[in-house]
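S.K.: Chain residues, written in single-letter form:
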Amino acid sequence: MNANHKRSLLTVLMIVSFIIVSLIVLFPLYYMLMASFKSSRELFRNGLDLGIRLDLMNLENYRLLFLGQGSIYLYWYFNSLCITFLYTIGALFFSSLVGYGLGAYDFKGKNVIFTMVLFVMMIPLEILILPLYKLIIKLGIINTYFGVILPFTVSPMAIFFFRQYTSGLSKEFMDAGRIDGCTEFGIFFKIMAPLMKPAFGAMTILLAMQNWNSFIWPLIVLRTNTMFTLPIGLASLMSPYGNNYDMLIAGAVLAVIPIIILFVFYQRAFISGLSSGGVKG
Amino acid sequence: MPNLGAGPKLSASRLKKFFYSSKTAPYLFVSPFILSFLIFFLYPSISTIIMSFQEVLGFSATRFIGFSNYNRLLNEHFFNALQTNTTFTLSTLMILIPLPLLFAVLLNSKLMKGKNFFRAVIFVPALTSVIVAGVAFRLMFGELDTAFVNSIFLKIGLPAQKWTLNYATGMLVMVILAAWRFAGINMIYYLSGLQNIPEELYESADIDGANTFTKLRMITLPLLKPIIIYTLTIGIFDGYRMFGESYVYWNEGMPGDIGLTIVRYIYQQAFQRNDMGLGSAIGITLLVIVLVINLIQLKCFGLFKKDGER
Chain E
1 MNANHKRSLL TVLMIVSFII VSLIVLFPLY YMLMASFKSS RELFRNGLDL
51 GIRLDLMNLE NYRLLFLGQG SIYLYWYFNS LCITFLYTIG ALFFSSLVGY
101 GLGAYDFKGK NVIFTMVLFV MMIPLEILIL PLYKLIIKLG IINTYFGVIL
151 PFTVSPMAIF FFRQYTSGLS KEFMDAGRID GCTEFGIFFK IMAPLMKPAF
201 GAMTILLAMQ NWNSFIWPLI VLRTNTMFTL PIGLASLMSP YGNNYDMLIA
251 GAVLAVIPII ILFVFYQRAF ISGLSSGGVK G
Chain D
1 MPNLGAGPKL SASRLKKFFY SSKTAPYLFV SPFILSFLIF FLYPSISTII
51 MSFQEVLGFS ATRFIGFSNY NRLLNEHFFN ALQTNTTFTL STLMILIPLP
101 LLFAVLLNSK LMKGKNFFRA VIFVPALTSV IVAGVAFRLM FGELDTAFVN
151 SIFLKIGLPA QKWTLNYATG MLVMVILAAW RFAGINMIYY LSGLQNIPEE
201 LYESADIDGA NTFTKLRMIT LPLLKPIIIY TLTIGIFDGY RMFGESYVYW
251 NEGMPGDIGL TIVRYIYQQA FQRNDMGLGS AIGITLLVIV LVINLIQLKC
301 FGLFKKDGER
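Protein sequences, first through last, are from chains E and D.
With my numbering applied, the first sequence covers 1 to 281.
With my numbering applied, the second sequence covers 1 to 310.
Warning: the hint list may mix true and false statements.
In silico contact screen, one side only, chain D against chain E (beta carbon under 10 angstroms); selected entries [what the hints assert, rightly or not]:
(1) I39
(2) F41
(3) R138
(4) T233
(5) L291
None of these hints come from the bench; they were simulated from the model.
Note that the coordinates shown come from a computational prediction; the quantities given were computed from them, not determined experimentally.
Note that beta-carbon positions come from the ideal geometry of N, C-alpha and C, so glycine has one too.
Please take these sequences and the hints and turn them into a complete structure.
M.R.: Structure, rendered in structure tokens:
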């Protein structure tokens, strides 16, 4: 009885502390949302005015984004959606192929290739932006979607993850496929890929999130403002001579929404996929 | 003419063999990586090493100048950037190792309710881009007395701060932004580690009469060590390549070198001042720093021992 009491008290205490942590964690997003409904003048009048005040709030900032001087924002949104979609599909396809190749087969040179994957993971890609920039110009894909996507489509992080995941799968499925007369690719597409669904779930979120939010590389590749992605476009609104806070904040709020929707849909797959794939140090 | 059909037939069966062979298939599977490695990694790596010894005049006009790009790195700005990255990395690690670990241990406890909900909520900041989150934090840490944090400061009797105009407070706002964004990711890593610890270990510890802290110290932490090392490695890696946290708070016109980081310095020299040789030299130096720190760190934690000994 006494021990039970102590336990339920502890539970309540823990829940209360996590509610407080959650409020702190979510606060900046709430703050941003509230700020997006206010004009700059209203925004800087009283910093502690955080409640929902229908009389002071309106959708003017959002109207400006779509119809006003900020309507270029729609280009940014469209570019971000296209780039993230193309990148995620491409990266899932190629990285799962490579990861599967490394995880499911034994072949000469396998360890060398895996070591290369690990090596690329350990190199900060920022050091390569200069030569990559020159390369992208030479290939004639500067200021295009492909310039943003191509160098990073085969993602070592995703390869590593898919490799860990597939090396845990039973090889008997592959043999069964061979007996039924499948090609090796048939085995991958028809039998193994469906078994890798949790891994695909986790990687969809992680790759999409990484690409949707990526900053330095698009900043270098994309030169004209109709080609900008959301982070680059929003950053371009921040100028040394005062910021366009109204549009900036409304734009930032809308920029989070697609990735949050994706997360809500894939949340379970994401968290269980990550733990089952095993991030092993 | 019996041989007429032999050519295509032969190649077709070869092709068939090729697709059915479990010997050749793995090489096809890994070929995208090999291609991408050669074109987008090896070639640029070699080219950046070469460029770091060159004066790059135009797009293709170059001249070898030995180590002078590296000599030019021995300047105040580079050391400021190095110091900023080091302070930033150490500060973020001091938050991003213990705090997510605490969250994970509590959220893994049997006593806890609503685990999935809290897990998801704490992860949400990781979904935001550094620019989007930075907009909110810039606003909250605005310079005016009426900005959010300054309003609170004034209310509790502290002086309002010009956050981005001082080195110490500038560092603080960068660290807070990074900590807010990355705590959830590390928590997920720790949670996945915790779920791999067999329950029996805790049960037998219970039988031996161990209390919660003993269990934490003797079972949880040692078994989580690989994951802790992983997050430490990633933390160092990310800390030294930080760019967005600085970019979102300061334009070119930052006072002094507040906010100048190593990658920012590469960007500034290579893209804004068109000094590609110096940019490459900074990049190579960054690479060496990250590799050396990680090697030392991995060695200290004994990661080079054989798998079984860990």
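S.K.: State for each hint whether it applies.
M.R.: Checked hints:
{"no.": "1", "hint": "I39", "result": "holds (8 angstroms)"}
{"no.": "2", "hint": "F41", "result": "holds (6 angstroms)"}
{"no.": "3", "hint": "R138", "result": "holds (8 angstroms)"}
{"no.": "4", "hint": "T233", "result": "holds (8 angstroms)"}
{"no.": "5", "hint": "L291", "result": "holds (7 angstroms)"}
In the structure shown, no violation is registered for any of the earlier numbered hints.
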